[in-house]
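A.B. asks: For reference, the chains in residue letters:
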Amino acid sequence: LAKTTQPISMDSYEGQEVNITCSHNNIATNDYITWYQQFPSQGPRFIIQGYKTKVTNEVASLFIPADRKSSTLSLPRVSLSDTAVYYCLVGPPGAGSYQLTFGKGTKLSVIP
Amino acid sequence: NAGVTQTPKFQVLKTGQSMTLQCAQDMNHNSMYWYRQDPGMGLRLIYYSASEGTTDKGEVPNGYNVSRLNKREFSLRLESAAPSQTSVYFCASSDIRVLTYNEQFFGPGTRLTVL
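Taken in order, these protein sequences are the chains called V and X.
Letter 35 of the first sequence, counting from 1, is numbered 35 in the working numbering, and no numbers are missing.
Letter 41 of the second sequence, counting from 1, is numbered 1041 in the working numbering, and no numbers are missing.
These aren't lab readings, by the way, just hints derived from the structure by calculation.
A quick note: this is a predicted structure, and the numbers were derived from the prediction, not measured.
Worth double-checking, as some hints may not be accurate.
[What the hints assert, rightly or not] Per the computed footprint, the stretches of chain V lying under chain X, defined by three or more beta-carbons under 8 Å from a beta-carbon of chain X, are:
no., region
1, 44 to 55
2, 68 to 78
[What the hints assert, rightly or not] Residues from chain X shown here face chain V by an in silico Cβ test under 10 Å; the list is partial:
no., residue
3, Ser-1031
4, Gly-1040
5, Gly-1042
6, Leu-1043
7, Arg-1044
8, Glu-1052
9, Gly-1063
10, Ala-1092
11, Phe-1106
12, Gly-1109
[What the hints assert, rightly or not] Dumping the calculated DSS-like pairs for lysine-lysine here, alpha-carbon to alpha-carbon at most 27 Å:
no., chain 1, residue 1, chain 2, residue 2
13, V, Lys-52, V, Lys-104
14, X, Lys-1057, X, Lys-1014
15, V, Lys-107, X, Lys-1009
16, V, Lys-52, V, Lys-69
17, X, Lys-1057, V, Lys-3
18, V, Lys-3, V, Lys-107
19, V, Lys-104, X, Lys-1009
20, V, Lys-3, V, Lys-104
21, V, Lys-54, V, Lys-107
22, V, Lys-54, V, Lys-69
23, X, Lys-1071, V, Lys-104
24, V, Lys-54, V, Lys-104
The beta carbon of each residue, even a glycine, is placed where N, CA and C say it ideally should be.
Given the sequences, and given the hints that come with them, work out the whole structure.
C.D. replies: Spelled out as structure tokens, the structure:
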């Protein structure tokens, strides 16, 4: 399974755009990139997934360059409620996803 | 739909005691998982069940046993609790699809303290 590296923590002011980059140099051809969000005292929840180029949903955007060795989660105009830990996971679909690992994630603190 | 439910929410045990953490999902998912999360750490997979009737070890299975009682329920048992098992335990479920990543849905967690 591909190893991921992401910053331990980030601070941002309310209303700013936040970009969290994840490095995954040994990503395999059939691997997907998935991001989860975890609020304090809650379980993680899925926010976005992509394979290549750009994916956008109502919560975030995910940018993946052509070489797929990194990816960037973009949160537009963050608010205090976006304070959470964000996890980047890389792995194959189907049965290969059983042992995907959640690293320490990136703790995002949004400041008023 | 309640999603994934876990009981109990909190538990305090003494070293050597046993207990079972319960998990149930109402989304008709095939696969279920148990994770533990220690302070400042990510989630580590203890056991998973790919489908009803099967269970497999994850990254940190020692000291735990699991039972996939039916498609809905997946329990985690600590036979002889140790202080190192103090943690927050999360149960999750997913519907395995071949061609896309299988989003996992998590329960609210059980906060366990072993004295």
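A.B. asks: Each hint: holds or not?
C.D. replies: The hints, checked one at a time:
1. 44 to 55: holds (count 4)
2. 68 to 78: Per the Cβ count (0), the hint is violated.
3. Ser-1031: Nearest chain V Cβ about 7 Å off; hint holds.
4. Gly-1040: At about 7 Å, which falls below the 10 Å cut-off, the nearest Cβ of chain V leaves the hint on Gly-1040 (chain X) intact, so it holds.
5. Gly-1042: holds (4 Å)
6. Leu-1043: holds (4 Å)
7. Arg-1044: At about 8 Å, which falls below the 10 Å cut-off, the nearest Cβ of chain V leaves the hint on Arg-1044 (chain X) intact, so it holds.
8. Glu-1052: violated (15 Å)
9. Gly-1063: violated (19 Å)
10. Ala-1092: holds (7 Å)
11. Phe-1106: holds (3 Å)
12. Gly-1109: Result: holds, 6 Å to nearest chain V Cβ.
13. V:Lys-52 with V:Lys-104: holds (24 Å)
14. X:Lys-1057 with X:Lys-1014: This hinted pair holds, its Cα atoms lying about 25 Å apart.
15. V:Lys-107 with X:Lys-1009: holds (24 Å)
16. V:Lys-52 with V:Lys-69: Given pair Lys-52 (chain V), Lys-69 (chain V) holds - Cα atoms ~10 Å apart, limit 27 Å.
17. X:Lys-1057 with V:Lys-3: holds (20 Å)
18. V:Lys-3 with V:Lys-107: Holds, at roughly 18 Å.
19. V:Lys-104 with X:Lys-1009: holds (23 Å)
20. V:Lys-3 with V:Lys-104: Judged against 27 Å, a Cα distance of about 12 Å means the pair holds.
21. V:Lys-54 with V:Lys-107: With a Cα-Cα distance of about 23 Å, the restraint between Lys-54 (chain V) and Lys-107 (chain V) holds, given a limit of 27 Å.
22. V:Lys-54 with V:Lys-69: holds (14 Å)
23. X:Lys-1071 with V:Lys-104: violated (31 Å)
24. V:Lys-54 with V:Lys-104: holds (25 Å)
Figure legend: structure checked against the earlier numbered hints; hints not met, in rising order: 2, 8, 9, 23.
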